[in-house]
Amino acid sequence: MKARVLIRPKEGILDPQGKAVERALPALGFEDVSHVRVGRMIELEAGDPDQIPALCEKLLANPLIEDFEIEHLDGDG
Amino acid sequence: MKFGVIQFPGSCDERDALAAGERAGEARMLWHGDRELGDVDAVVVPGGFSYGDYLRAGAIARFSPVMEAVREFAEAGGPVLGICNGFQVLCEAGLLPGALLGNEGIRFVCRQIELTVESDRSVFTADLEVGKRLSIPVKHGEGRYFAPDDVLDEIEARDQVAFRYAPGHNPNGSVRDIAGVSNEAGNVLGLMPHPEHAVDPLTGSTDGLRLFESVARAAAA
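Quick note, the sequences are listed as chains A and B, same order.
First residue of the first sequence? That's 1 in the numbering used here, and the numbers climb one at a time after it.
First residue of the second sequence? That's 1 in the numbering used here, and the numbers climb one at a time after it.
Everything labelled a hint here was simulated from the structure, so no lab data went into it.
Incorrect hints may appear among the rest.
Unchecked claim - The calculated DSBU-like cross-link candidates involving lysine-lysine, where the alpha carbons are at most 30 Å apart (straight line), are:
| # | chain 1 | residue 1 | chain 2 | residue 2 |
| --- | --- | --- | --- | --- |
| 1 | A | K58 | A | K10 |
| 2 | B | K2 | B | K139 |
| 3 | A | K58 | A | K19 |
| 4 | A | K58 | B | K132 |
| 5 | B | K139 | A | K10 |
| 6 | B | K132 | B | K2 |
| 7 | A | K58 | A | K2 |
| 8 | B | K139 | A | K19 |
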């Protein structure tokens, strides 16, 4: 089963990378873009998709500071 | 007192930590693949970029074979000091509360800063005077200490905040100016500033040596 894990800073935690990107946009003529958040995307293939949430919590994300979201890419796996 | 300094692939401050340990006692290097700590009385998890800081700083190092031994050592009351990347490793390993995030100002910071001693509860600060200011360098890109408010209230109530950045010296946006925390038992301490770089008058300050001497004296007592 192929999956994509999206990891982003938890709501309310300052994301300086996102802020830097946001501040760079007007210089390029892109106005009115806000709430930019920078995270990570991890693709993987797992024999047993049931283990994906656990491996996200234990390694891929740090639940104290990050939220994660799992997208299954081939439903019939 | 014999300090064991762990060398991970990507560590860069292990030699200075070794030299600092040798000024306060004896010291030897440990390898990240070691499963046993041997005859050491205290462990230093040094600064650097263990395993390239891949994924998150400290996230991979925490699973190295030696960290299993460090966990057992810490749980048995052995003194463990995490400096910079070592602090990140100990937080990722759950041996210390909280996490370290990218600096508020985005940039890597490298400068001498001042800290205040907030607690003499840990074995590494037992000899220090609460309220005293120490001059110690910082050098990191991901040093913004963070924990949820309820956790912060708890660790403050238990006197686990060992160091704060002095007013005007917070280099990274750390919450409540926290520069270093200990575990509840006081035998595990982590901090972002580098005491091992402040042990010789040649580099401007010997304040960092006090942490190594403190634990050495505690062990001798």
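*asked:* With the threshold set at 30 Å, check whether the alpha-carbon distance from K139/B to K10/A stays at or below it.
replied: Cα-Cα ~26 Å, so holds.
*Distance restraint between K132/B and K2/B, which requires alpha-carbon spacing of 30 Å or less*: 27 Å, holds
_Tell me if the straight-line CA distance from K139/B to K19/A falls inside 30 Å._
22 Å, holds
*asked:* Checking one constraint from the list: CA of K58/A to CA of K10/A, max 30 Å. Satisfied?
replied: 16 Å, holds
_Hint check: K2/B vs K139/B, CA-CA at most 30 Å. Holds or violated?_
26 Å, holds
*Assess, step by step, whether the Cα of K58/A is no farther than 30 Å from the Cα of K2/A, and give holds or violated.*
Judged against 30 Å, a Cα distance of about 19 Å means the pair holds.
*Could you grab the alpha-carbon distance between K58/A and K132/B and see if it respects the 30 Å cut-off?*
Cα-Cα ~39 Å, so violated.
*Starting from K58/A, check that the Cα of K19/A is at most 30 Å away, please.*
28 Å, holds
When the structure is compared with the earlier hints, a violation turns up for hint 4 alone.
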